[in-house]
Amino acid sequence: MTEIRWHSRAGQGAVTGAKSLGDVVATTGKEVQAFALYGSAKRGAALRAYNRIDDEQILNHAKFMNPDFVLVIDPALAFTDNITEHEAEHTKYIITTHLSKEELLAGIPALAGKEERVYIVDCVQISLDTIGRSIPNAPMLGAFVKISGMFELDYFLDNMKRVLAKFPQKIIDGNMNAITRAYNEVK
Amino acid sequence: MAEKFDLQEREVWDGNYAASQALRQAQVDVVAAYPITPSTPIVENYGSYVANGYIDGEFVMVESEHAAMSGCVGASAAGGRVATATSSQGFALMTEVLYQASGMRLPIVLTVVNRALASPLNVRGDHSDMYLGRDSGWIQLDAFNAQEAYDMTLCAFKIGENHSVRLPVMVHQDGFITSHTAQNVYPLPDEVAYNFVGDFQPLDDMLDFSRPVTYGAQTEEDWHFEHKARQHKAIIDSRAVIEEVFAEFEKLSGRKYKRVESYMMEDAEVAIVALGTTVETAIVAARELREEGIKAGIVAPRCFRPFPYDAIREALENTKSVAVLDRSSPGGAMGALFNEVSAALYTTANRPLVTNFIYGLGGRDFSVAEAKRILKEQKAHAEAGHITTDIQQFSGLRGPKLGFFQTKRG
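Going line by line, the protein sequences match chains A and B. Numbering-wise, our numbering comes out as the position in the first sequence, counting from 1, plus 16. Numbering-wise, our numbering comes out as the position in the second sequence, counting from 1, plus 1331.
Chain B with its partners taken away, still in its complex shape (with noise of 0.2 Å):
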């Protein structure tokens, strides 16, 4: 039996030992992890639990992050509640069973402490690690703060493994400035949190001797396709198990999410839509902003994958001008963020101008008084009926501006 962890009621805590405690809390049987910047402390504070005796589980330490989400897989399949941390080159040594994983419907749960990816070195915050995994069949949860790495670490299980999505899942948190900023964090008790996850109920596990079953057969184009259409199937309709999760959580918790979060959209004008940290910093901007005239808002998806195509559109149908920004190198496209946002909005009846700026890379700062400047330029192309500038923008570049395409229609 583990010792029981002296929580307060209020914790100074960073979001990696957010998310550690809430993996502590959800009693995993099985953490195979292997540790890179800035995920790290995840996987250190919880071989620190393991040697205290806080843990009942099993903690593996592999030899790379190839290594460990293939444990993660094997003790999955077997019938345990999983869970691992990784972070930018360790997340793209993953991918490969990344897919493996939720090709195999394992409810693992990954951790993911956003990092830029080589080349050049970096080892700050940005999204190119979730967007490498957008397609990989997972669930993404996002969270802007440490409180939130915390929470979505805890209902991550709870949607993962709901026998109806049988999904696993990612909780993401950005490179520093969560995984290393201490804010204030209101833990659950251990028993309530507990009891939020409830205890793991397998299916078609590998070790009920009783039922034998196969992880990762091969299916060529016989029913390769048909087993990827249910897999995509099953992430769609998790929307509605992620809302009873949230809707739950809320009950014990206070803490309301969605799987878009709308600030100040009433009525607004302009918005920015984004991911991460610079949601909460772009709604300080918005505030700022409604006391100068100006209605701004802030539009963000909590939930990345399944992407929330209806919830997108709710949110913005009605604004005149969106700036969509993207935490990632497009690599010779628009962001990702921005396609997906301007497909939703395609089918409305307003369809409103779209804008997308690339912003942050490599941990570049993103403040309030940028923020402003991009919802300014917001207000400008909906004063003047299109797009006044690029449509993609470099936002914080040092050196002359970067844009590219343009359009004059309304």
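Same shape as in the complex, but just chain A (with noise of 0.2 Å):
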């Protein structure tokens, strides 16, 4: 079972970055649960998504879990949220931020240790760049498709297609863009 725990913003697309994870997972024969802890939040607001992912049904419907990832898609929330809440001693963190590791780490003393499971990536910034947006979304699932090697990039790109066939051809691009930049720039 792997256990993922999204920090975001009400608006920013989490709850839709968890369900477009467990759309492509789901072709790949895994069972995925995608979920929110939100209810009536307003635009802005605090909320954690969440997916887990196994090779059988997944029958555990708690909120609670120990996440083996981390994905903070709001830079300040890597601050003010308690990002490392029930972590477990192989999480890893994925976090969205314009600023250096260093930069990061300093002001997150939680985080002190565990230098070495903590990975960045400028989400905000390449979702603006590609989709003309602040969704960053997107680019964190590529980010997470780099960091985990679940999936092969073009595996990953063709099934998001899928899961984006509804939209216009400008936003499918845009989002496949925002992918592929964050795969090769998170670090």
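No wet-lab data here; the hints were simulated from the structure. Just so you know, even glycine gets a beta-carbon here, dropped at the ideal spot from N, CA and C. Some hints here could point you the wrong way.
Claimed, not checked - Only pairs whose alpha carbons sit at most 27 Å apart, straight line, appear in this in silico DSS-like list of lysine-lysine:
(1) B:1335 - A:177
(2) B:1626 - B:1703
(3) A:182 - B:1335
(4) A:203 - A:182
(5) B:1582 - A:79
(6) A:182 - A:46
(7) B:1710 - B:1651
(8) B:1703 - B:1739
(9) A:46 - A:117
(10) B:1559 - B:1582
(11) B:1587 - A:46
(12) B:1710 - B:1732
(13) B:1582 - A:46
(14) A:177 - A:46
(15) B:1626 - B:1564
(16) B:1589 - B:1651
(17) B:1651 - A:79
(18) B:1739 - B:1335
(19) B:1651 - B:1626
(20) A:203 - A:177
(21) A:79 - B:1732
To be verified - Computed list of chain A residues with no C-beta within reach of chain B, every gap over 10 Å:
(22) 48
(23) 74
(24) 104
Build the complex: two chains, separate frames, hints provided.
Here's what the structure looks like:
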């Protein structure tokens, strides 16, 4: 079982990101779960979204998890939300930021000693450049594909095209570029 | 003729989407609905199918849930296949008309996305609305995940519309935990799903002008009791039809359903009885405890009404201690599921120990660890030969422990 927790603000697309990831993962024959903790949240409010991925049907419906991956798609939440909550010894963090890794880590004491499990990527800038709006979910998927090694990039891109099929070509192309750039830039 | 909807063999759907797809496939004649969180997407999705030409039937937007169910009653009495969706406060507002629908023996399907009842206002999942409907004369089927929300919705039409049943049917799923959680769902092709449900067979339809009938007549002490007795007999007797429909569905889908689901109960000494998603979370706990040598199992009413008094007894009679979990505030009583399970077990020779947990109100998380703790408590009761805790406890509550009533009786 792989468990993923997304930290986001309502409107940044974490719920869509989690569901898209689930959609693509399911095509590989795995069982998935994608859900969020929001309810009556307003645009801009902090929220968390979750994925579970397994070879067998996922029976655990609890929100509680010890995540294998923590994906932070809002730069400020890395500092203000409790991103290390219920972490495991192997939890990997992918954080969107315009800062250098050193600058970022200096501001988040909870990540001390976990430097080698922290990865950074500027999802906000990438989405501005490629999609034209700050929708950091798509780039985060690209970064996740790279760090998790769960898929080949091309396989993921092909399946994302299917997930996004209802959108205009321009949006699909923007998302493909966003995913590819983040895949290459995450470090 | 409705447009063809593009379906994959394996979809990633949340419970709301799954339910709305089942409504589309059943080719409902009339949906009269008013949206409310967390069931809004069922109505919203259905509305988009209508707008995009995937639906031949009528979609009536009304001004309240009372009007929604009233519209359903009218359309059903007229002789159509009818469905709607609601939750929580909307369900509460519908309640008056729920009794009308069942009393008139109208086979309406209501997909209920379970949510807490105010006050305090809360949009998340618990079973308050499902329990509010438990004496309303509707058949109540319970789904534990999105796949089952789809499967049970298809089965609901076939059960309720059967002429020997002719009763309305609710299909329950947990608000957010099922309704907004996307999981793998394996839908039937449109044609297979529709042929399973079958063409609607009207009975005493008001639009048959050659044979005028009355719906909703008044009966006082002369005949009211006989009507209610017949209605009760119909819902109790629907057990056989429910089993037939589940058997037929298994042939098509490979997915087997029973009025009471049992997991690892063959040799279980301790068990949890629950409804909704908690059932599956508890299965994970029971599996882990079995690795520690505790013979744990899980029992779950798939069919909350008619209450499976017979099948519950069979499922649990050889256990030593049973925890019954109620996700609804009992308001000064033991939990309803506890009371009904206890009553069934009182008639067994073995009479296992039975305790009650109130949990998960307003969407409070229920974890695998908590399910394990509850099962371990049952193990302690079994070893002591009597209940070693309060009989009713609150699980997952902040602050000091809350519990009531004790007994040393074995």
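Against the structure, the hints come out as follows:
{"no.": "1", "hint": "B:1335 - A:177", "result": "holds (22 Å)"}
{"no.": "2", "hint": "B:1626 - B:1703", "result": "holds (12 Å)"}
{"no.": "3", "hint": "A:182 - B:1335", "result": "holds (16 Å)"}
{"no.": "4", "hint": "A:203 - A:182", "result": "violated (32 Å)"}
{"no.": "5", "hint": "B:1582 - A:79", "result": "violated (34 Å)"}
{"no.": "6", "hint": "A:182 - A:46", "result": "holds (24 Å)"}
{"no.": "7", "hint": "B:1710 - B:1651", "result": "holds (8 Å)"}
{"no.": "8", "hint": "B:1703 - B:1739", "result": "holds (24 Å)"}
{"no.": "9", "hint": "A:46 - A:117", "result": "violated (33 Å)"}
{"no.": "10", "hint": "B:1559 - B:1582", "result": "violated (35 Å)"}
{"no.": "11", "hint": "B:1587 - A:46", "result": "holds (21 Å)"}
{"no.": "12", "hint": "B:1710 - B:1732", "result": "holds (20 Å)"}
{"no.": "13", "hint": "B:1582 - A:46", "result": "holds (24 Å)"}
{"no.": "14", "hint": "A:177 - A:46", "result": "holds (19 Å)"}
{"no.": "15", "hint": "B:1626 - B:1564", "result": "violated (38 Å)"}
{"no.": "16", "hint": "B:1589 - B:1651", "result": "holds (23 Å)"}
{"no.": "17", "hint": "B:1651 - A:79", "result": "violated (31 Å)"}
{"no.": "18", "hint": "B:1739 - B:1335", "result": "violated (64 Å)"}
{"no.": "19", "hint": "B:1651 - B:1626", "result": "holds (11 Å)"}
{"no.": "20", "hint": "A:203 - A:177", "result": "holds (25 Å)"}
{"no.": "21", "hint": "A:79 - B:1732", "result": "holds (22 Å)"}
{"no.": "22", "hint": "48", "result": "violated (6 Å)"}
{"no.": "23", "hint": "74", "result": "violated (7 Å)"}
{"no.": "24", "hint": "104", "result": "holds (15 Å)"}
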